[in-house]
Amino acid sequence: MTPPAAPQSSNEILVVDDVLVRFDTPDGSVTAVDHVSFGVRPGEFLSVIGPSGCGKSTLFNVIGGLLGHTAGVVSVAGETINGPHQSIGMVFQEESTFPWRSVTDNVAFPLELIGMPKAQRIERARHFISLVGLDGFENRYPNELSGGMRQRVSLARTLASEPKILLMDEPFAALDEQTRLLLGDKVLQIQQQLKQTTLLITHNITEAVQMSDRILVMTYRPGKVKRIVDIDLPRPRTSEIVGSEAFGRYVAQIWADLREEASRGMRDEEDHMMQPAGSKS
Amino acid sequence: MSMTATTPARRFSLANVLPALTGIGTLVAFFLIVELLIQTNMLSRFIVPPPSEIIASFPRVIVEEHVLQRFVQTLGECLTAGVMLIIVGVSGGVLMQRFRLLQQACETWVAALASAPLVLCYPLFLVIFGRNAWTIIMMGFVAGLPPVILKTLEGISGTRKVLVNVGRSFNLTSSQQFWKILFPAALPTIFVGIRLGLIFALINIVGVEFLINFGGLGQLINELAERYDLAGTYAAICFVVLVSVMFFMAVEKAEKWLTRAE
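Which chain is which? The protein sequence lines are A and B, in order.
Going by our numbering, the first sequence opens with residue 1, and the numbers climb by one from there.
Going by our numbering, the second sequence opens with residue 282, and the numbers climb by one from there.
Certain hints may be false.
Simulated restraints, written as ranges between beta carbons of each label pair [as the list claims (entries may be wrong)]:
id : chain 1 : residue 1 : chain 2 : residue 2 : range
1  : A       : Thr80     : B       : Glu388    : 40 to 48 Å
2  : A       : Thr80     : B       : Arg381    : 45 to 53 Å
3  : B       : Ser372    : A       : Gly83     : 56 to 64 Å
4  : B       : Val408    : A       : Gly147    : 55 to 63 Å
From the derived model, a few chain A residues whose C-beta atoms are all more than 10 Å from chain B [to be verified]:
id : residue
5  : Met90
6  : Lys118
7  : Ala119
Bear in mind the hints are in silico, worked out from the structure with no lab data behind them.
Here the structure is a predicted model, which is why all the values come from computation and not from measurement.
Cβ coordinates follow ideal geometry from the N, Cα and C atoms, glycine included.
Just chain B, with the same shape it has in the complex (with noise of 0.2 Å):
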């Protein structure tokens, strides 16, 4: 019965790097459309401006306009509120799910809270914080609350049932019982309420910056639009959309290591 195991060779092949490249593709082929149809008229320049224009503003974006300095400032806004999420929100699912007059009191609001749009509460926050970074970050921090709070606790409660009796079975105490047991069970579930807070908090941080004329790439895109500088406007979108992509990057690489074999 016994047998050895044999691990393949990783080699490159088209079939690897095939989804990249189809993405990447479609990306440029969507571009590449948007250009044509603008460049014989059927797309107003003054409503979307053409793929080209938007590159060639790049090194003008970059340079007048301290776009490095704001997407620093961006990133470290969303980096911070995320950093507070993490310890706040898996700290309140573990609470709620700790506690069953805790989940059955609070479960009902947060949920409704994770639909409301909060993004409206913005001129309490600026009365309580000021017109500040902090503000910003709390209305971040806020709005991505509720996915992570919601799938800490789906995903403790989740835990299959025979994996808790593994550990009764081994007479392990109720903290070995969490962190060896309940809480890398549920990681998987707690990233993906992670990923979902961290997009709302995102979403909210530019929007507050957009709003409140405030900070980095979101007062950047409103400073933009009040010129009318299309072009301009929409490079500096690009650059939030940067901050999405290496947040998100960020978070499935921590993810990978954290749940490796899932």
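Excised from the complex, chain A in its bound form (with noise of 0.2 Å):
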């Protein structure tokens, strides 16, 4: 394990640096991330886990451009980035295929955005259907598609804009536990297929062990970088080295830093509602 630290090697693509995010509430000022900082090398898998309310979401949406921060920088590539930016790909929690689209347009989305004539970009939309695994799907819309299968096509989506970094948010969080053990498999065969720097939020310790390179452990409330893990098991993985002992190990070690601030969260949740009505924030 290595202690947090302000990584600011060169050889890292995307850099968080001392990132400060701070809302303005009618019960005053409230910081959801507190001084983070963190760095992500080319090609690797890097996970952020915390308990739910300590900043994961707010740091997704900082780094995907979609919320501005009050202090620090973001920077890929050495560019800093203030807004949504193109070498960025971005996989929501939330169901995010359109549906009035069939899943090779949904695909092609990007595709078209960037104007590659129609031919061409729903070739390019089938490779990266057939890379996720949805090959004969593709007149198919979302509403005929089960949940795993349209987090497929929105994975799809954002590999089809070919982003220098993957960012993730919970992709799986809706999912049965099998389906998330089966997805996170085809995550991992894509990554290293593709040697794609990914960044995967997450509470699911299972799935950030069985995934990461390194794991990012934060703090409850305010979110602050409380331990980096570097995940030390032989690649490539699948879903069965949920059983090994190194995993089990690895599995143990985050649980014990995140059970305290889980209890952390759970104490002021509970102290939250106690509050009489009105005096609530």
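Since each chain sits alone in its own frame, please combine them into the complex, following the hints.
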């Protein structure tokens, strides 16, 4: 394990440096992300894990450029970003396929935006559809697919934009455990195949250990970097690794860190509920 | 993890046609019951004519009363009002969603307008447009406008935030965001508004034709009722229903074509 630091080495494609996010509420200022710093190397799979309410999704939105930050710098390949950036592709937690577009048209969406000719973009879209294992479903619409298949369509759509960094916010949160594990395999396989730099936001320890090269553990509110854990498990990995002893040790280590934070979160929520109505923040 | 899809071939089955058969059967049963009640003097034929008489009056109404010409006239008025409703109503809803001030200023009274008995304003429209088709079209248009505006506003405002965020993550311009995400996402709700608007427009168009004794089927119903030709009156009402059915079938086709997947 390594202590939190402000990595600024030149071989990092994504650098989050001393980022602070503060929201003004009627009850005063609330710090959601508190001076968070870390870096992601090209081709690396980094997961950010933390208890509910620790600011993971806020961090996701800041890195993706959907939300402004109060202080600090987010940069991609040395370029500071202050809004959505073409180098970053986002996969969201909620189901985000376009219901009025077929699978092919969903995946071809980013290619359509750059003005790629129709025949070419359909061919490219089919390549990514095949990559996520949805051959044969090209002409189906999202309402004809399962939740896991829709998430794969979202993933293929994001991959079709060929981002330098794939940013995913709990993409499997709404899925059952088996589908989650199998989709984890698929994502890992794609990540290895494309050497895709990936940043996964999750609260699922198993998912994080199964896929990551490193795991960044966040504290409960305000969200700070508590620890960065190197996952030294052999690659290529599949979901079979969840049964190994080493895997169990990592899960136990991270749970020990998270347990304290999750307990704090739970106590905080209980205190909040105990407050008389009208005085809740 | 790779899967392949198989599309089941569409086959004729009783289950597919059962709803339509049940609907037609219910209608036929209703007419038979009415016929029976009239023939057994339980219902006065001076209030409701027997369905058999209504059916028998169709050739007379078609030939002598030029019903097809009137039918085309009413249909034309409905189509004109419908096109205006879609253009002005959808644009109005979009503008209200884009400009918060406009929404805050107008939403309440547009909603209030939806429940106002606008048909009573026909003398005002007669003064403005004269005793011609435009009075009828404008009455239909104004009466159908509120639901189209309100549902367009609701549809666009109700677009799931994650879809908007997908658009933002792909760096869409505001025009792309509207045409590629907000508008298609809102289409099913907009169509609900258009259907409601067309219902209001059709009711008002036939109502005003009846009231000012001008134009198509409404005027015919007025004339036949004044002659106390009950069978003819009801036959003319059947043509109004036919206009309505044709209109809604066309809207349904358009909706299915535009929102194929939903």
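Verification of the hints:
Taking the beta carbon of each, threonine 80 of chain A and glutamate 388 of chain B are about 41 Å apart, inside 40 to 48 Å as hinted. Range check, threonine 80 of chain A to arginine 381 of chain B: about 32 Å between beta-carbon atoms, so the 45 to 53 Å window is missed. Judged by the Cβ atoms, the range 56 to 64 Å given for serine 372 of chain B and glycine 83 of chain A is violated: they are separated by roughly 30 Å. Between valine 408 of chain B and glycine 147 of chain A the Cβ separation comes to about 60 Å, which falls inside the hinted range of 55 to 63 Å.
Listed as outside the interface, methionine 90 of chain A is inconsistent with that label: its C-beta sits roughly 4 Å from the nearest C-beta of chain B, within the 10 Å cut-off. Distance check for lysine 118 of chain A against chain B: the nearest CB is about 15 Å away, which clears 10 Å, and the non-interface claim stands. For alanine 119 of chain A, the non-interface assignment is confirmed: its Cβ lies about 20 Å from the closest Cβ of chain B, beyond the 10 Å cut-off.
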